[in-house]
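Residue numbers (numbering that gives the first Met the number 0), protein chains in the order written: chain C, 0 to 113; chain X, 0 to 115; chain D, 0 to 313.
If you are wondering where the hints come from, they were derived from the structure by calculation, not from laboratory data. Heads up, none of these hints are tricks.
Distance condition first, Cα-Cα at most 25 Å in a straight line; then the derived SDA-like pairs of lysine to any residue:
#1 Lys290/D with Val92/X
#2 Lys43/C with Thr202/D
#3 Lys232/D with Gly266/D
#4 Lys41/C with Ile80/C
#5 Lys191/D with Ser34/X
#6 Lys43/C with Glu23/C
#7 Lys144/D with Phe103/D
#8 Lys19/C with Glu151/D
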Amino acid sequence: MTLDEICRLLEGEFLSGQAKRGEEVSIVGATDLMSDALAYMKPKSLLLTGLANIQVVRTAEMADLKAVCFVRGKQLEASVIEEARSEELPLMRTPFPMFKACGILWQKGLNPCF
Amino acid sequence: MNLSEIAEALNLSARTCKSAMDREVGGGYASDLLSDVMGRARKGDVWVTMQTHQNVVAVAVLKEMAAIIIVNGREPESDTAQKAEEEGIPLLVSAEPTFEVVGKLYSMGIRASSDA
Amino acid sequence: MEKNPHKDSDRDTRAIFISKVQELAYEMKVEQVMTPNAVSVPPEMRMDDLRILMQKERISGVPVVTGGAVQGLVSIEDLMNYLASDEKGRTVAEKMSKKVTTVFKDDPLTRAVNLFDMTGFGRFPVVDRGTGKLAGVITKGDIVKGFLKRLEVEYHEEEIHRYRASHFFEDIVADKATLTFHYGVKGGDFAKAGRASSGLKKTLSRLGIKPEVIRRVAIASYEAEMNMVIYSKGGRLSAEVTPEIIKVTATDVGPGIPDVEKAMQPGYSTASPWVREMGFGAGMGLPNIKKCSDHMVVNSVVGTGTTVEFIIGV
Numbered sequence: 000m001t002l003d004e005i006c007r008l009l010e011g012e013f014l015s016g017q018a019k020r021g022e023e024v025s026i027v028g029a030t031d032l033m034s035d036a037l038a039y040m041k042p043k044s045l046l047l048t049g050l051a052n053i054q055v056v057r058t059a060e061m062a063d064l065k066a067v068c069f070v071r072g073k074q075l076e077a078s079v080i081e082e083a084r085s086e087e088l089p090l091m092r093t094p095f096p097m098f099k100a101c102g103i104l105w106q107k108g109l110n111p112c113f
Numbered sequence: 000m001n002l003s004e005i006a007e008a009l010n011l012s013a014r015t016c017k018s019a020m021d022r023e024v025g026g027g028y029a030s031d032l033l034s035d036v037m038g039r040a041r042k043g044d045v046w047v048t049m050q051t052h053q054n055v056v057a058v059a060v061l062k063e064m065a066a067i068i069i070v071n072g073r074e075p076e077s078d079t080a081q082k083a084e085e086e087g088i089p090l091l092v093s094a095e096p097t098f099e100v101v102g103k104l105y106s107m108g109i110r111a112s113s114d115a
Numbered sequence: 000m001e002k003n004p005h006k007d008s009d010r011d012t013r014a015i016f017i018s019k020v021q022e023l024a025y026e027m028k029v030e031q032v033m034t035p036n037a038v039s040v041p042p043e044m045r046m047d048d049l050r051i052l053m054q055k056e057r058i059s060g061v062p063v064v065t066g067g068a069v070q071g072l073v074s075i076e077d078l079m080n081y082l083a084s085d086e087k088g089r090t091v092a093e094k095m096s097k098k099v100t101t102v103f104k105d106d107p108l109t110r111a112v113n114l115f116d117m118t119g120f121g122r123f124p125v126v127d128r129g130t131g132k133l134a135g136v137i138t139k140g141d142i143v144k145g146f147l148k149r150l151e152v153e154y155h156e157e158e159i160h161r162y163r164a165s166h167f168f169e170d171i172v173a174d175k176a177t178l179t180f181h182y183g184v185k186g187g188d189f190a191k192a193g194r195a196s197s198g199l200k201k202t203l204s205r206l207g208i209k210p211e212v213i214r215r216v217a218i219a220s221y222e223a224e225m226n227m228v229i230y231s232k233g234g235r236l237s238a239e240v241t242p243e244i245i246k247v248t249a250t251d252v253g254p255g256i257p258d259v260e261k262a263m264q265p266g267y268s269t270a271s272p273w274v275r276e277m278g279f280g281a282g283m284g285l286p287n288i289k290k291c292s293d294h295m296v297v298n299s300v301v302g303t304g305t306t307v308e309f310i311i312g313v
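Here chain C stands alone, though its shape is the one from the complex (with noise of 0.2 Å):
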């Protein structure tokens, strides 16, 4: 699925790295805790969270990762976009919660990280 096709089901927004809202992704993770995701999320993979700060950046810089969504219509301070647009990395967020989320794409057929 696209980063572009899971924006629209999320009803979400583009924050950063729109360029790459055609690249697919088939793999997610949902985690707020950093340590989590570093150790079980494979590269390439989606990550949903709650967690809003500049480490989100940076762990998904470290492992690889397509793309960040952000539940829960966080707000993010613009030194986070920044940071990601450095890092060409797409930064989406979502209004629905972490529960909705997940239930959405699971139901569309991603697959999770184990």
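Keeping the supplied structure of chain C fixed, place chains X and D upon it in accordance with the hints.
Chains X and D alone, transformed into the frame defined by chain C:
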């Protein structure tokens, strides 16, 4: 839907309050941030989290949640389990990650109550 | 059927090229490719004079401007229609198209690309968003030239980079060569935490180390760095790179770890609730480092500090 139906469908094991498995589940909440759960979870929610620290029990009690599902094959710390038993909060564990557990709950019809 | 390797790699190259161009279309601004100080004409100019101007300048369309503001666009088609008719002595204002599509000079190129697609026009006047005045003209040709120039520059940079990476150790004449990189880490500075690991990751990538190796080094270094930021007064992250291994040493000044064995257990953590709310401190740091590395040692002296050292094979 009650806890034992969920536990059976998702292959969860109960670690505490095994007698309270007939408790009804009203909705779901997924988060690893306690402040977030404090602010947004609803009474009767089943809470899906990675956190095993005993503070999760305190939050679940305060918000009158139905149960806590600890994911990713993690086990509650011993003082967490003890406190949950005392406070009457069922702790269930799953070998699967949040995305999978929530996906299955959602497909069983459980919804995020803060967004019903 | 046998796979044709050329075809496959052609397709890959094309796919990479297309996504690269899409990326550039978002990244680059109209003003980077437009023709600045483009020729413009006043509305009162006579069509016969316009003909001479267009022939001389070899252009196929001109913005019509008063006091810098765009009033319309007059194209070679308008001119030909005029010449084919019996009319005489008309002005540009009478023959120009008044419904003119403009773009702003700080618009992303993708906007211009989409507009060309939608309207089928050959050129758009470019306007300065602040002053509202004409800043230049953009054509499809400008966009193609802009892309090619940019891709050429990036291709050269990539080539130089690849050469450097693959030849780095070969060019060194020594029995044993080790490259060492040091990064300072400030304790308690959550906003800057991760910069050391980020710098190391970029450096390793420029050296041409394999991505899967870099990923392991990056994750382990980042966990070590976060530990320094969260628990210590700060310290230093160092990486030694040889043709065979990468050895990372994270040394901090701080309280030390009383029971290293316990700290290695997944889920064990002494983190404050605040740290937990920042997405760390779930007791996965040291286990993560161990998981990523081929060899790991923790040395800690309570009241003095901790050294975490790990080795990952290249």
